[in-house]
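Enquirer: Residue strings, one per chain:
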Amino acid sequence: MSEIDNGKDQHQRNDRGDVGAHGKAADAAHSQARHALDGAQSERLSAYLDGELTAPQREQLEREIAADPRVAQLLAGLRAVRNQALSLADRPPQQDLWPAIAARTAMGRRRPHPGAGRRYALSLPQLAAAAVVLIVLSSALTAVLSGALRFGQRGTQPATGQATSGENALAWRVRQASFAQREYDKAIRDLEHALAQQKGRIDSTTYNVIVKNLAIVDLAVTQTRAALVQDPQDEYLNAYLASTMQRKLKLLRQASALADVPI
Amino acid sequence: MMSNVLTTVALAAALVNGQTDRTVPVQKGARLEIQNYGGSVTVKAWDKDEIHVLADHGSNDEVQIDASGKVVTIEGQSRHGRPAITDFELTVPRWISVTVDGPYTDVNIDGLEGEVVVQTVEGEVQVRGGRGVVALKSVEGEVMLQGAQGRLEVNSVDGSVKVVDCSGSLAVEAIDGDITLQKIQANEVEANTVDGDIVYEGTVAERGRYQFGTHDGAVVVVLPDNPNVSVSVAVLDGKFDCDFPVSIKEERKKGKRFRFVLGSGEAQMELETFSGSVWLKSQSSAKAQAQDQGEQPEQPEPQKHKSKHKERDE
Numbered sequence: 162m163s164e165i166d167n168g169k170d171q172h173q174r175n176d177r178g179d180v181g182a183h184g185k186a187a188d189a190a191h192s193q194a195r196h197a198l199d200g201a202q203s204e205r206l207s208a209y210l211d212g213e214l215t216a217p218q219r220e221q222l223e224r225e226i227a228a229d230p231r232v233a234q235l236l237a238g239l240r241a242v243r244n245q246a247l248s249l250a251d252r253p254p255q256q257d258l259w260p261a262i263a264a265r266t267a268m269g270r271r272r273p274h275p276g277a278g279r280r281y282a283l284s285l286p287q288l289a290a291a292a293v294v295l296i297v298l299s300s301a302l303t304a305v306l307s308g309a310l311r312f313g314q315r316g317t318q319p320a321t322g323q324a325t326s327g328e329n330a331l332a333w334r335v336r337q338a339s340f341a342q343r344e345y346d347k348a349i350r351d352l353e354h355a356l357a358q359q360k361g362r363i364d365s366t367t368y369n370v371i372v373k374n375l376a377i378v379d380l381a382v383t384q385t386r387a388a389l390v391q392d393p394q395d396e397y398l399n400a401y402l403a404s405t406m407q408r409k410l411k412l413l414r415q416a417s418a419l420a421d422v423p424i
Numbered sequence: 015m016m017s018n019v020l021t022t023v024a025l026a027a028a029l030v031n032g033q034t035d036r037t038v039p040v041q042k043g044a045r046l047e048i049q050n051y052g053g054s055v056t057v058k059a060w061d062k063d064e065i066h067v068l069a070d071h072g073s074n075d076e077v078q079i080d081a082s083g084k085v086v087t088i089e090g091q092s093r094h095g096r097p098a099i100t101d102f103e104l105t106v107p108r109w110i111s112v113t114v115d116g117p118y119t120d121v122n123i124d125g126l127e128g129e130v131v132v133q134t135v136e137g138e139v140q141v142r143g144g145r146g147v148v149a150l151k152s153v154e155g156e157v158m159l160q161g162a163q164g165r166l167e168v169n170s171v172d173g174s175v176k177v178v179d180c181s182g183s184l185a186v187e188a189i190d191g192d193i194t195l196q197k198i199q200a201n202e203v204e205a206n207t208v209d210g211d212i213v214y215e216g217t218v219a220e221r222g223r224y225q226f227g228t229h230d231g232a233v234v235v236v237l238p239d240n241p242n243v244s245v246s247v248a249v250l251d252g253k254f255d256c257d258f259p260v261s262i263k264e265e266r267k268k269g270k271r272f273r274f275v276l277g278s279g280e281a282q283m284e285l286e287t288f289s290g291s292v293w294l295k296s297q298s299s300a301k302a303q304a305q306d307q308g309e310q311p312e313q314p315e316p317q318k319h320k321s322k323h324k325e326r327d328e
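Those protein sequences? They're chains H and E, same order as listed.
Read in order, the letters of the first sequence are residues 162 to 424 in the working numbering.
Read in order, the letters of the second sequence are residues 15 to 328 in the working numbering.
Hints in this document: simulated from the structure, not taken from any laboratory.
Just so you know, even glycine gets a beta-carbon here, dropped at the ideal spot from N, CA and C.
In silico DSS-like cross-links for lysine-lysine, where the CA-CA straight-line distance does not exceed 25 Å:
hint : chain 1 : residue 1 : chain 2 : residue 2
1    : H       : Lys373    : H       : Lys347
2    : E       : Lys151    : E       : Lys58
3    : E       : Lys197    : E       : Lys295
4    : H       : Lys373    : H       : Lys360
5    : H       : Lys360    : H       : Lys411
6    : E       : Lys42     : E       : Lys58
7    : E       : Lys151    : H       : Lys411
8    : H       : Lys373    : E       : Lys151
9    : H       : Lys360    : E       : Lys151
Some residues of chain H that are not near chain E, with every Cβ distance over 10 Å (derived):
hint : residue
10   : Arg205
11   : Ala216
12   : Glu223
13   : Glu225
14   : Ala227
15   : Arg231
16   : Leu235
17   : Gln359
Selected chain H positions facing chain E (in silico; Cβ < 7 Å):
hint : residue
18   : Thr367
19   : Val370
20   : Asn374
21   : Ile377
22   : Val378
23   : Ala381
24   : Val422
25   : Pro423
Could you put together the complete structure from these sequences and hints?
Expert: Next up, the structure:
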């Protein structure tokens, strides 16, 4: 029997060793509220760091940051990841994927600052187009992290302790991933706002289910980013973050398609 | 007779107390596509090259059947613009491939040997059988697949997924739901959820690839007693428990990420959970444990389906 205990096991097991109920049902309401809160906070804080909030929104958030250490900690984490990405040396990549991506998606040009009006003006065809762009972006992100994302090698250290890539390559990957994630974050926010606009065209129960599940994925993203604060160059966590964000993209695409279902 | 069949037949089915009862012949190799907004679709197999359609619907609704070509379409329709709510009971050739698209439809398919594709939003999906491509997707409902072979894809956003006694390649995804895979004989398995546990019990094929990941949940894998597999484990906040003797070198201070080899290590397996534990069990120990508890292996039970959407039409 081999066992490694890495701290608290959040999943209670019975005497048979089976995975049993672990209190999720009892905590469902609280958990759902927590998910929604964390997800919304993460988005607001990202927008705050990107200077995308209006003055009243910014002032409100700054009051919350001052009043709630947990929010302040989350902000510090996001800022650390951001600064780390910006501070990495600007080494020429061995294989620059972005010109090709930019040529194909027109995302290479720095987009105008997305104002609230433009965000809310997305039509369904535009929504679909955004989803296509995101597919390409997510594929690019995957390609950037391809060394880490290969099956069974997502940053897992081999038992021999031999690193699979050099420090420079790793730094480049992390930097590119951070860049892609910023673009990704913005695009996802557009899709989220567009989805909110479609609310009346989606069955209310289904819409709430989608929102709940988006919050669950958001929490996963937030927790992964918080872990990255401790180790920004962690290849595994960067890859994990990318795959979690791809999950969110997939769910948003699925949700946008629901607007076509009659209710 | 065959020429009659080959001509397009758009049937506004005779309505008798809101029921359609009709049998149409189908060409060998044809596909069946069913569209139903709400209600239920139950499909059973027989050895005739015919499709029997029995449908309960509102008096203002109808069922349209087009059996003229290689694609047979059956659709519940309303005469007054409102989406139709229909409960279908179909008996179809065993060999036929079936697609069901019903946003508010429960789907129950049994005994087919063709491809099966099901897509619903708010509906439960139960499929027994299926060969080739079998793809089941629901947003809000639970999904169960049993006895299928081929390229299998099962997806639920907000419901659990259960796959039993299947072979081929398997991709399973959920967001808020557990994933249970039992009696699996597949050379490639991917199962991922965000908030839920994953349980896998099955064989490990030579050079097979297996990946199980959850963000908030446990991963339990039951392997044959002498597996040949290279295992990668990532556990950030939880523990790793293994029935097999393994030698692990710790490489990191935070989180647990490591690899080890069982037997020849020809297959590859990746186990990861962000917030939970990983349990790697042997079949013999799992069996002994079950016997100690007097527990019988869990089997999915066919459920008698009663449409929960019927009230939409009443």
